[in-house]
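In order, the protein sequences belong to chains A and B.
Per our numbering, the first sequence starts with residue 1, numbered consecutively.
Per our numbering, the second sequence starts with residue 1, numbered consecutively.
Treat the hints with caution; some may be incorrect.
[To be verified] DMTMM-like, lysine to aspartate or glutamate: derived pairs with alpha carbons at most 25 Å apart: (1) B:K702 to A:E232; (2) B:K502 to B:D219; (3) B:K492 to A:E207; (4) B:K502 to B:D535; (5) B:K531 to A:E232; (6) B:K323 to B:D454.
It is worth saying that the hints were derived from the structure and are not from the lab.
Okay, here's what each chain looks like letter by letter:
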Amino acid sequence: MDRRKFISLAAFAGLGVASPRVFGGDPNRDVLTGKRKEPLFATYDGTFYVMINALGGWDPTSLCDPKGYKTPDDPEALNRSYATSDILSAGNINYAPLGNAVDEGYDGYYQTWFEKHYQRLMVLNGVDTATNGHDSGIRHCMCGRLAEGFPSFGALAAASAGKELPMSYLSFGGYDETMGLVARTRSGNTNALARIAYPDRSDPNNEESVFHSQAASDRIAQAQAERREHLESVENLPRTRHMIGMLYAARTGSNELKKLQEYLPDMLSGNGNERQAQVALAAYKAGICASVNMSIGGFDTHGNHDQSQIPRLVQLLQMIDFLWQEAENQGVADKMTVLVGSDFGRTPRYNDGNGKDHWSVTSMMLMGKGIPGNKVIGASDDGHNPKKINPSTFAVDEGGIRLEPRHVHKSLRRLAGIDDNEYGRQFPLAIPDDEDIRLFG
Amino acid sequence: MGWSHTKPRTKHVVGKLALTAFAGASMSLGLAACEGNGKCVSNAEFLRTKATVFQERCVTCHNSSGAAKETKFILERSAVPGYIDANLRTIGDLASYYKEDAGKLLLIKPTQDGVDHGGGKLFDKKSKEYEQIVAMLERVDNPVECEDEVNFGEYFADVELLDEEATLRKASLALVGRLPTQDEYEQVRGLGIDSLDPVLDAMMEEDRFFTRLGEWYNDLFLTDRYVGGTEALDLLYAENYPSLYWFDATSSEALRDQQARWSNIGAARSAVNLVKYVVDNDLPFTEVLTADYMVFTPYSAKSFGVSIDFDDPEDPNELKAGKLPGDYPHAGILSDPIWNIRFPTTDTNRNRHRARMIYRFFLATDILRLAERPIDPTNIADHNPTMNNENCTACHAAIDPMAGAMMNFDSMGQYSPPEDGWYPDMRVPGFKDLTVPFDQFATAHQWLAQQIADEELFSVSTVQTVFTGLTGQAVMYEPNDTNDPDYTGKHKAFEIQDALIKDIAASFAEEKSNFKVVVRELIKSEFFRAKNARDPIPDDKAAEYISVGTAQFLPPEQLTRKIEAVTGYPWRQSPTSTDYLLSGNEYRIFFGGIDSDSITERIREPNGIMANIATRMSNEMACRTTARDFSNEPPDRLLFPFVEPDAQPEDDNGNAIPAVIDAIKANIQYLHFHVLGEKLELDDPQIDRTYALFIDVWKDGKTGIAAETYDGNLPGNCRATNDWWTGNPLPEERQISADPDYTIRAWMGVMTYLLSDYRFLHE
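The following block holds chain B by itself, in its conformation from the complex (with noise of 0.2 Å):
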């Protein structure tokens, strides 16, 4: 199986004897161990699924904001990740609280049985909601773990996974945009999954691969809103930085412009430049909020004022750490102005939306999943109510301590600790429980990183990010409504997926924060790898398997280096011009694209546009590429080493000519397998039927150019005259522009089949 083989990936049964016991005591209830399908029941899936009561009657109060807040017993809303393990531990510690000859204080509490409740008598002893709680107490005491509560090799037990040599393509591709060499083939060939690591490990050192990890960084903190111009500079503070436009001494003026558009661009990603240094120096990944330093490049050093050696002072890529002039007190991310200034603040907003987004890109959690609740605003009548109103403190408990922790960098994202210190009508700057030192208010945000590093839900956040850059899927959310008829099947899905993300995440932080150990367990995965399932899913097995299997349409980055790795040529106007794909002139954003400003959501499946967009693409590529590369050598060629651009299938009586057949046959097997993936038997169908398509069109052609219907030149710009990167002239003997026999435009239609085929335009 393809990760984490030095942990276990499944729990283990305890206690048979639990589990007799407990189907005694309150079988009547169907609370039993086991359903009565003998399925086990955890602890963890009673108190989701049967002891409701925690969450629909006690959390209301009984949260960190809630009316309840000073008791001992405090519960996680089911919004936050986790909550079902921090409430087992909460319910497990309280359990043994007893008020002498009255019983245990979560009974005998909400039913007000000798003792007062603050929230008064909420049900009797007679009721669903007691006896729920009488049944996970006796669990307490007799926990229930059941074999094989998350059993990887029975859910995938049908499902087909892609083998060494598949899953080497696809990682490629995701990673690096490119296609494997043969000799990355032959290291993995045959010789399990885990011989992929070496590969992806050299394939985690070029440049293509950082150039991909700024994308999935790009697509959260989305500082290419900046790139343009000198946008990320004009929002800095000149008197911070006194030579923040350095290259307006530049005499040049096409040098001004370059040195301007670089040092605005390091400035604009040094949050994205921050992960990919961490990440290529192989450090602990929760620098990217402990760093004491910033990332820079040598010219976003000069704008900053910064003086680093750099091995290559015009390289506009390289990157080197150095810290900001005036002592800065640097914590990674958390620190950097433009990051900041992304997710601005006011007055009144006060870090809020800062903190919220680093619960979300850090922690795991959406905190707006907390404002779900609805707030009547005729019940906020009371002074300060996100300190005191419950309608408000559901979130503002969780992010005001952490919005304080960031206190000292103001609306435009600039260290500038406040002089009258911290707003006194919020809560004390910190993150959880914990507050920050006084002593340490000034740097507060790297106390605040520190204790953000130290957290499961660190290592949980970046498996999450890299399982939605590499496979394009947001990862699920649990279900909660019980009443529906999919609930299993769909919390079984969410269960596979989280028990692989938590178990990754554990390998990560046990491998020291290492990110690539992320990368190289998410692609060895079921879930990277997942092909085919056996045989067609039954209707009661559907929600279980929604999930399995990536097929991701590819966004515009992935589809535009695909195009490139596939034919050699880049589908753009002309070598210097921009992708299509990627210019927000042509197709980017019709293509789902973002701009990281007002569009910060992928399209993530297909409209009439983008299937407009694919088929274009098709079509322009196959005219670009197919006589370009019938004009080089065999040896040379990426497309069509097999087979002559003039070989006829048939001779001028309709004759078969079978060599002929052999070779375009064998082509077709070879451009199945370098544009599509697909490992093809010479008689497979999928050959026959693109045979059939070359030979049709050839035989329409042939009589068409026989009638002077069509034309025995190839269209204009088709035709392979002129070396496509330089426009020199190509040597006259390897020019093509005739297609007498139309052969290259049989060929071209192949090449349109193939480049606007499913299997193409996803992964």
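Chain A on its own, in the form it takes in the complex (with noise of 0.2 Å):
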């Protein structure tokens, strides 16, 4: 069966893709000798791609996309927080005066962040989501599609750069499906990583404690490649086979997994927002990890907003800083793409209940390896409706598209050099030539 036949197939049954012996064919086979070839794995070095699920619909108006009150008493107020006069900048970057030095609560925290990475950092204004479902919002930010059947852009990523890594595509959350392009992994209490990496010993720090000796291990490791070219001639159920061949491309790589280990820090962090970062971080440096989900939640702050919304935020901002200096720590900041969005933006009104609802407008920001910094692009009213756009010049023009997620995502996946390849291929972004808008040159 053709792989991009079986793709589509896999992905309607809803099945990973990872060996290609159930196409029909076996790539692993030397053409000439019919001899099994060594599986074909090598530690990744590429970019890392990091997308940041602030899960709930932020409210960017209190961020990066700022609108204060005209007056204190204005009714028509989006934020009752701050005033438009205050607004900061940091290069070109407006920016809400929240947590500024005069509010000791937050110590200041915007400004220095902003202060700190203006630079890398590129905004995006006036993002039509088109949708107020928590669902379809965030698989919209995070795949350029808004109804179902796209994978998430990290999916997609780790997919292109190596799906054979042991921890391609790392998840902690967020809009992470994966269409069968990938395994998905999740990490839980690092503290039984070792074990895990050593699964071969007793003691993982101990090279002797092994179970079996080296012989009885290699031929144990001969008796399963045996048994699984017999299962593969005789299981003739396509779903059977793809779940055999999951299992043992699952095995190719986990020796990697040790690698893992010398690369996380020997005291992890106690936040928890750190401590994704922390293992994300360390499984790219150890060579198995193409791109992570990261998540954040609690901002779906319907009710007492500026009291939830704002710390939230600050938080975010946080995670976003600790990621930066892990990075540095790691040395690898110069390879890393950060991509920050919501399901949504907050409606530029409060509710009864001084909270905001769901408004399917909203922004992304973009970090990182490949990313103009100190820009924005697109641009909202002060109803914080979307201004349309020149895709060329990105001036607002009445004349211009509006700013949809699946622009974003394409110029994302033109960056990581995915759009052409066989898993873009696959999921098209449909963008007609007039709105091929080409975010970062």
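Build the complex: two chains, separate frames, hints provided.
So this is what it looks like as structure tokens:
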């Protein structure tokens, strides 16, 4: 069976795709000798893609698309927490003056953060998610398509980079659908990682404490390989053949998990958001991970918006800052591309509970490798409605286009060099020529 | 065949004359009763694939919330289960409406041919859309149903099914996490698949089945989020339940902690326990919604202040029905406080989230699939868009009435009827086109429960839940991209699965919503029993069979039970610790499990970490169990009943010892069946391979011991010197520490090989 066809069927049936064997033909056998080739596995040192899912629907007008009140008693104020006249900027990027120097509660964090990161930061404002639904919103943001059926960008990137990697696509939550392109990995208590990395040792720290002799281990591996050949020769149902392939493919790079141990910090942070970054970067540094979904929730502030949303945004910024710090520590900051997004935005008015409800216009932030920094593309009006922009000049233009997640993902795919590969073509983003906007040049 | 033998599983042809009339009327459009290849096209299939104008054009306005909502012509969107049947009925009902001297309304309206149409002129009489409507109306007058439209016999003709014993083994592991007994095997051997019924029924009386049942429904309800500490109790209003923390009065700290834990678990799992109670007592499954009671354990009853006579007041697992104090209006799960808290609401959400979940769990409908239509915020300038704007009403027309019917539960899931009544700017509380009678507002959820219980989709949703529980697969959505080259095959796959589910749903309903009928029928079905295809499946058939065969990579809970069932020992650090695969501090999350909190979706396919965990398990369990099993007398051994621990296949001169070889092979044959479920002849190549593994490891070991490069003793943690469960030393004569001939380590190699096998890790 043709590989492209199988990917399509596997996705329909909710299956992953890892082994080429089920498609007919065996790319792991030498065509001349018919002998099995060694698994083609190499560690990964390409771009590390980090997708930060701010779950629940953040409020960009309280962050990077600031809209304050005109007067303190303005009944139509989009935000009651600051005045429009107090909006700050770092380079070309405006931001809400929250957590600023005068606000002792946040100790000036927004200002600290924007001043530190603006040069690597691109802000996209007025992004139209076209939905108020949580699932569809975060999906749209993280894959470029509103409807079901597309993998997340992280999964696409990981599949393209190396689906054989033992932790190719690591997920801590958010939209992490793989559509069967790559195995998704979750991380639990990292204290258990040592035993997972050394499954052949009774004590992972003692290389002498093996369960079997080396000869016995090798002999078992040989028997397992023969068994696999037997199973693949007798099993005819596509689902069964696929699952056999998945199991053995999963074992291919499993030795490389040992490297993860080398790069994990001796002491992981007690902060869950920071731990995500530490584990993800250690996995990347070990060469076994190509992309990660990080997630932070709590943005669905239907009540007491200001008291809930703003501290959460501070935590998000802290999370991003820690990610960059850790990347610097690991010496990989120059290889990292970061996307930050959320389900949608918040309404340009408060409800009766001082909260804000769902609003389909939002912002996205990008940072890092390949991303032109100190830049803002897109805009919204005073009612937080999206403004159209010229796809070539990015200038606000009534005759232009609305910026949508699919435009962002088209540019991301191009940046990653995966727009036109077999996976990108399998899940194409339809962008008409007159909407072809190249956000990153 | 497996299921529903009381009910025909295929539809039969009607009206050959109608086919002929049809062919003449619309042959030029290719819209005939039969396709060019002679394949019959039923009315349903025609509406789905040919008369697409209804879904592509008409439904845009002609839906329950659209611009034409006040008309009689209301269609369902494709995201709604059963939409084809519903739309066929609607089109059939309206087909005869006509205007004198003009024609049928369904034809003259969209063409504005002598009549006004609110949507304007959409197309003319020469358009393909018009022809589609003509053809559809002709079919209404001359309906076409096709013979053997869903023919299971033909579909599964080349699929090998598990026999009675193999099905029983798989079912036993799936339902109760153990292997069948010899007696159970004998009850079914060679007696036909229906002979499993009494055996399955007996299994469904075991405690372990209810553990599994609880897992199926916790995967939906996710109320295990609150089983830690006193998290569930802390969510309840102490003023409503004064004895919530009754255990605080216990002086012993250890006992107090235990009582607190059990009280909390009973409260957290009250919704899941209701499911268990209904099934255990063979009540109609609809009672999970209509029950005028709640289910308590002896401990949670105390917390809720409910007085019940329990058979064993200290048994945290005993379940009994009772009522919350204060004349609480129970409606099964709908009135469960913890269930409602798990799906919270706010002043602006107004129970819509709960409504969405009710649709999903009990009406087989994912409302959010309706939300995949893009909205434009600049077009939502209406006042109250959820009532008035098409962009919003696509979903809100369905969920808002149900949300209103749940009006009496506040943000903390407590029964608290709103003093000011329901929101006047929302749809009237109700369900579909029915509204809650005003005098029943205080018990609107009870009204809702009854409506749902009467729905066909309740039966369908029950079957879907058990299907996923047994197979690990989500049910398929109907494919709707007719341009997909694999559309026909995918649709066939969907049809077969859908027909199975609906047929079993019908049986379930006929048997007074007997849940066990669903379990039995699914187990006996071809989907559960599909073992292999007799021949390789050709490419052009692959799409049809993509979902056949369960091939489920076992989730943590099921693998945990299988490990103990097969080896006799659990995979955990000590007898009192949590199993490795079930512990959040160990491998549960790594292995694709859920925590019911932030991780709510299982990983069903292995990644590198999961593969390594499985490898570690195979090594550790081989180490723990091999010598221990040998330390027992042969009749008491689970793994090595046919061979002695020191049996060597060759003498010191390298001469084969046939009797020993026979015993080793016999034991390998036994292990292939016991561990992997494979029934093999002694001369099967699989036996030879495993024997070759044993021999090679043994020989290398003997050589190593002779050369003093290997130790003559077993590794410390692989020895059998104490009873693993009690820690007490074994009698000296049974202890095994030495392995001077490397035979035990050779068997450990065999055990690792088998426990890491695809067929052990999957079902």
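Which numbered hints fail: 1, 3 and 4
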